[in-house]
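Chemist: Let the hints inform the model, and build the full structure from the sequences given.
Number of protein chains: 2
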Amino acid sequence: MSLVVVGSIGLDTISTPSGSVVDAVGGSAVYASVSASYFTSVNLIGVVGIDYPDSAIDLLRRHGINLEGLEIAEGKTFRWKGEYHDLNKAETLSTELNVFADFIPKLPQNCISCHSLLLANIHPSLQLRVLEETRVYHHVACDTMNFWINGCPDDLAQVIGRVHIVFMNEDEVKAFTGKHNIFSAAQSVLDMGPTLIVVKRGEYGSVALTRDYILFAPAYPVREVKDPTGAGDTFAGAFMAWLEGHAELSREVVSQALRYASVMAALNVSDFSVMGILDLQRESIENHKERLCRMTI
Amino acid sequence: MSLVVVGSIGLDTISTPSGSVVDAVGGSAVYASVSASYFTSVNLIGVVGIDYPDSAIDLLRRHGINLEGLEIAEGKTFRWKGEYHDLNKAETLSTELNVFADFIPKLPQNCISCHSLLLANIHPSLQLRVLEETRVYHHVACDTMNFWINGCPDDLAQVIGRVHIVFMNEDEVKAFTGKHNIFSAAQSVLDMGPTLIVVKRGEYGSVALTRDYILFAPAYPVREVKDPTGAGDTFAGAFMAWLEGHAELSREVVSQALRYASVMAALNVSDFSVMGILDLQRESIENHKERLCRMTI
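Chains as they are written, first to last, in the numbering used here: chain A, 9 to 305; chain B, 9 to 305.
It is possible that some hints are incorrect.
No copy is singled out in the list; a pair is fine if it fits within one copy or between any two copies.
Heads up, simulated DSSO-like pairs for lysine-lysine below, C-alpha to C-alpha not over 27 Å straight-line [what the hints assert, rightly or not]:
| no. | residue 1 | residue 2 |
| --- | --- | --- |
| 1 | Lys-114 | Lys-84 |
| 2 | Lys-114 | Lys-97 |
| 3 | Lys-187 | Lys-114 |
| 4 | Lys-187 | Lys-97 |
| 5 | Lys-97 | Lys-182 |
Since the hints were derived computationally from the structure, they do not count as laboratory data.
Modeler: Spelled out as structure tokens, the structure:
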């Protein structure tokens with residue numbers, strides 16, 4: 009079994025009411041890969057510059073992540089600088105694409121056919137390109153963001169028409185479909201082809217919708233959210249990793265995936281950058297998951 | 009078994025994106041009583057004017073609600089006029105207290121001792137007065153609103169110190185406690201004495217918190233919210249009515265109460281005034297409740 013994750017890799021400078029970090033490990037593919045690494049073997053596809061710190065590479069290796077698809081290009085690593093005032097919405101202070109500007113995902117031989125593929129948040133045209141180059145036996149999922157929904161909705165629609173699973177925030181799915189009711193909006197996405205849409209609602213949890221069922225999952229409670237960056241990527245990584253061993257998206261399988269995803273996202277936001285999801289014991293994750301089970305009606 | 013409900017009774021003129029109603033049946037005690045009537049016998053305590061329509065009295069009687077505590081006073085019935093733009097927040101256009109201005113709850117003999125008491129949304133000093141006059145064998149609960157939290161927080165604190173169960177909206181519990189994290193805010197309320205607090209989060213469901221457990225309940229899905237008025241009262245009414253037969257607030261009992269409360273609140277918002285919760289078959293409520301069970305992870 010293996011999960012291929014394609015997405016951004018960057019160095020984040022983040023300020024929140026709880027503190028700040030400079031040039032910390034970040035990027036959609038990194039959050040998703042580290043999160044997924046507790047459940048399956050992960051292949052990370054992305055690009056960094058020659059300034060990407062060895063410590064970050066070590067961190068990824070330590071989590072057993074296969075880095076054959078990690079390209080190291082001449083130039084500087086993608087950088088994002090953001091600030092949170094109310095923890096619900098990041099304000100972007102600056103974005104330096106650097107080597108990410110010319111990124112074309114190159115799939116190593118061992119990733120051309122894989123069990124599952126997570127197209128984490130990158131330009132939909134790159135997501136499409138990867139879709140065309142891979143043969144996936146089980147599940148293909150995409151995540152996205154408002155920037156692409158507003159900037160290239162047609163490309164995004166093409167991606168959505170070709171994946172099984174879509175991850176979107178509540179405001180994103182409403183904006184993309186033009187529908188205000190979350191259930192109608194989700195139905196519009198399912199009508200485009202996917203089997204499952206997972207609508208992420210931040211501290212209010214998530215809702216998974218298929219043609220046959222709806223599943224609500226609470227967010228695992230967090231007393232202090234220190235840094236919400238990467239919560240959605242962490243969620244998607246764990247979700248997809250759990251699905252790895254399950255060909256069918258049954259209610260039970262998706263329930264379990266939502267639980268693990270909710271736990272990992274909560275651990276992630278409880279500390280800056282990826283620090284909340286580093287070097288975890290699987291037993292600790294299981295304990296959190298059991299606790300979450302006892303918190304649902 | 010019997011549940012005593014004390015609160016406002018009014019005639020509401022409501023405008024929402026789905027339409028409008030004029031002088032429709034409303035008031036916290038009415039929503040709560042009709043909702044509760046499907047699960048237990050209900051005694052309604054409140055005041056109306058001589059203009060209160062016979063059809064509204066019939067409606068209450070038809071639901072088996074005991075009206076010995078319904079005072080008919082000289083003057084006009086309490087009226088509220090409100091408008092919803094985004095369905096999440098009512099804008100009050102006018103409030104005419106009328107006979108409600110001088111309301112002093114008078115408890116008929118059969119209500120002086122009761123199984124359960126729901127102090128629906130009225131002035132905390134009236135809630136206190138009722139508390140002093142009744143002997144409750146099982147559970148006493150209070151609901152409230154921002155108006156009292158801002159206007160007479162000390163009276164409200166006294167009420168909270170004497171009840172077992174508190175219902176509050178998320179923004180209300182944060183405002184009342186001055187804490188931004190819902191779990192810290194709920195803990196502050198529990199520290200004042202209650203055994204249980206139920207934080208209502210509108211379309212995001214609800215969270216019940218005790219010293220021993222947390223329970224998350226989703227909102228039962230609604231495709232079109234026509235009129236959110238009374239959702240919280242309907243929720244509290246069903247919740248308290250279900251608790252009637254259960255002396256202990258165990259996880260299982262509270263889970264079931266949350267399910268019924270969630271279903272009744274959803275039925276309520278799917279139509280104007282109390283129309284969504286009139287003349288229901290218990291079997292239909294059970295079916296919705298079973299569906300909700302299958303929607304939680």
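Chemist: Determine for every hint whether it applies to the structure shown.
Modeler: Results of checking the hints against the structure:
no.	hint	result
1	Lys-114 / Lys-84	within (19 Å within a copy, 76 Å between copies)
2	Lys-114 / Lys-97	neither (32 Å within a copy, 50 Å between copies)
3	Lys-187 / Lys-114	neither (36 Å within a copy, 49 Å between copies)
4	Lys-187 / Lys-97	both (21 Å within a copy, 19 Å between copies)
5	Lys-97 / Lys-182	both (16 Å within a copy, 19 Å between copies)
In summary, the numbered hints that this structure violates are 2 and 3.
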